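Student: This is what each chain is made of:
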Amino acid sequence: MEIAGGVTVNLYLLTVMVGGVGLISGFVGVSGGYLITPLLIIMGMPAGIAVGTGLALMTANSLIGILRHRQLGNLDLKMSLITAGGTMVGAELGVRLLERLQAHGEAVADIAVLGALLLTLIVVSIVVTREVIQTGRCIANGSEGDSAADDSEIRTAACDFLQSLKIYPHMRFTKSKLRISGWIIFVLGIGVGVLSGFLGIGGCFMRTPALIYLVGQPSVMTIGTNLLGSFFGLGFGAFRHAMLGNVEVGIALTMLLGMGLGTFIGAQGTSYFKGLAVRFVLAGSIIAACFGPAFKIAYFITDVAVLDRIARILTVGQIFMPVTMIVILLVLAARHRSGSDVPTWAESLLASVGSASAD
Amino acid sequence: MSMRKDGAIAAVLSVLAIAFVSFSAWFTLSFDPDWNEMLGSFSTGATTLMLVLVAGGLLAFAFDRGQQAVVVLLKPHPDDDTRGR
Numbered sequence: 001m002e003i004a005g006g007v008t009v010n011l012y013l014l015t016v017m018v019g020g021v022g023l024i025s026g027f028v029g030v031s032g033g034y035l036i037t038p039l040l041i042i043m044g045m046p047a048g049i050a051v052g053t054g055l056a057l058m059t060a061n062s063l064i065g066i067l068r069h070r071q072l073g074n075l076d077l078k079m080s081l082i083t084a085g086g087t088m089v090g091a092e093l094g095v096r097l098l099e100r101l102q103a104h105g106e107a108v109a110d111i112a113v114l115g116a117l118l119l120t121l122i123v124v125s126i127v128v129t130r131e132v133i134q135t136g137r138c139i140a141n142g143s144e145g146d147s148a149a150d151d152s153e154i155r156t157a158a159c160d161f162l163q164s165l166k167i168y169p170h171m172r173f174t175k176s177k178l179r180i181s182g183w184i185i186f187v188l189g190i191g192v193g194v195l196s197g198f199l200g201i202g203g204c205f206m207r208t209p210a211l212i213y214l215v216g217q218p219s220v221m222t223i224g225t226n227l228l229g230s231f232f233g234l235g236f237g238a239f240r241h242a243m244l245g246n247v248e249v250g251i252a253l254t255m256l257l258g259m260g261l262g263t264f265i266g267a268q269g270t271s272y273f274k275g276l277a278v279r280f281v282l283a284g285s286i287i288a289a290c291f292g293p294a295f296k297i298a299y300f301i302t303d304v305a306v307l308d309r310i311a312r313i314l315t316v317g318q319i320f321m322p323v324t325m326i327v328i329l330l331v332l333a334a335r336h337r338s339g340s341d342v343p344t345w346a347e348s349l350l351a352s353v354g355s356a357s358a359d
Numbered sequence: 001m002s003m004r005k006d007g008a009i010a011a012v013l014s015v016l017a018i019a020f021v022s023f024s025a026w027f028t029l030s031f032d033p034d035w036n037e038m039l040g041s042f043s044t045g046a047t048t049l050m051l052v053l054v055a056g057g058l059l060a061f062a063f064d065r066g067q068q069a070v071v072v073l074l075k076p077h078p079d080d081d082t083r084g085r
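These protein sequence lines map, in sequence, to chains A and B. Using the working numbering, the first residue of the first sequence is number 1, and each one after it goes up by one. Using the working numbering, the first residue of the second sequence is number 1, and each one after it goes up by one.
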């Protein structure tokens with residue numbers, strides 16, 4: 001398929017691959033920008049068109065995820081809107097920060113962005129992996145950690161402290177079953193927005209752990225909340241890029257067929273698992289996402305071409321690890337529901353058959 | 001209305017919605033309309049955004065009806081005695 005600038009892309013392969021990204025998006029609640037944009041560029045699209053088309057695709061795909069999670073009851077509208085407001089303000093600050101850095105030279109900006117991305121990914125992956133391992137051990141020992149994994153909520157010292165701060169308006173979030181100041185949610189959105197604007201990504205993979213570990217929102221509830229929180233920013237980005245002629249509508253619609261189906265299956269899959277499974281896949285996908293930027297930074301520093309090639313391969317490869325994890329979990333869930341034996345570790349991730357919200 | 005009839009209608013609606021989005025994709029790929037030339041840049045942005053959002057909404061509807069159709073049509077309904085009511 002030939003697109004603007006005479007570049008040829010394999011549309012069918014792209015549609016299948018973004019279907020995998022959709023599966024991750026629906027299951028974990030990320031918009032998938034950190035996977036889609038590099039994928040489109042590596043598949044041969046010019047960077048501007050890749051960003052614009054990717055944004056249009058993610059906007060439409062987020063809508064599919066939001067509508068599905070709303071049906072499944074995984075959406076806190078009030079929290080989404082406050083987070084979205086904060087993220088937009090923060091994104092503007094992040095973009096201005098990036099502009100200042102670019103004044104010192106493109107190379108400085110590139111290393112700063114990739115370094116900040118890598119640092120954020122490492123910190124988030126350590127926090128999520130540590131918690132997942134601890135909760136998994138508690139479940140294996142049959143201790144009280146089961147209640148946390150059962151997705152009522154995760155109690156960290158940070159979320160206890162933040163919820164106890166009585167800053168007006170101290171709001172009740174009925175769907176998330178918690179009370180916290182609206183300002184804290186807004187400031188959290190700004191923090192994610194600054195990183196999002198600075199790093200040029202949607203910020204979902206940062207917002208998800210922030211909502212779980214700092215706000216205390218149930219893991220499954222963060223998925224829909226997060227998608228709606230990023231929807232407005234994605235839509236605005238798509239609108240601006242379309243004005244510049246950077247959106248290939250036909251390609252976006254074709255890829256949407258694959259990605260939308262993946263998102264729908266992923267979103268449906270969350271109803272068969274406890275929150276721990278979502279965090280388990282989130283940890284895997286963030287760890288997988290660390291390697292690409294690490295090799296890219298090594299390439300910038302050493303200028304060895306093979307490192308750049310490895311970084312590109314790893315960037316595409318990072319889609320496969322979480323997709324494999326989700327497919328294995330879905331197969332185990334299907335076996336569990338049909339009454340077949342599943343490994344003990346998998347049982348701790350599966351919701352009881354009666355609690356699945358859809359058949 | 002019988003459960004099976006509900007399932008069939010859901011299946012048809014699902015196929016129609018997916019066909020509509022597929023047709024739109026084929027049309028824009030085949031005829032390659034130059035949105036920027038046809039419309040002003042603001043209208044281009046608005047039209048593109050509206051188009052992808054309508055496609056997203058339609059696909060969400062299609063997958064939901066598709067799932068409903070699969071559940072209804074593939075499960076045996078031995079006690080489907082509502083027929084003719």
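Calculated directly from the structure, the hints in this document are not laboratory data. Since the structure is predicted, the reported quantities are computational estimates derived from the model, not experimental observations. Where a beta carbon is used, it is the ideal one built from N, C-alpha and C, also for glycine. It is possible that some hints are incorrect.
As the list claims (entries may be wrong) - To give a feel for the contact side, a few chain A residues facing chain B, derived at Cβ under 10 Å:
hint : residue
1    : Ala56
2    : Ala60
3    : Asn61
4    : Ile126
5    : Thr129
6    : Met255
Student: Against each hint, give a clear statement of whether it holds in the structure.
Tutor: Hint check results:
| no. | hint | result |
| --- | --- | --- |
| 1 | Ala56 | 5 Å, holds |
| 2 | Ala60 | 3 Å, holds |
| 3 | Asn61 | 7 Å, holds |
| 4 | Ile126 | 35 Å, violated |
| 5 | Thr129 | 32 Å, violated |
| 6 | Met255 | 9 Å, holds |
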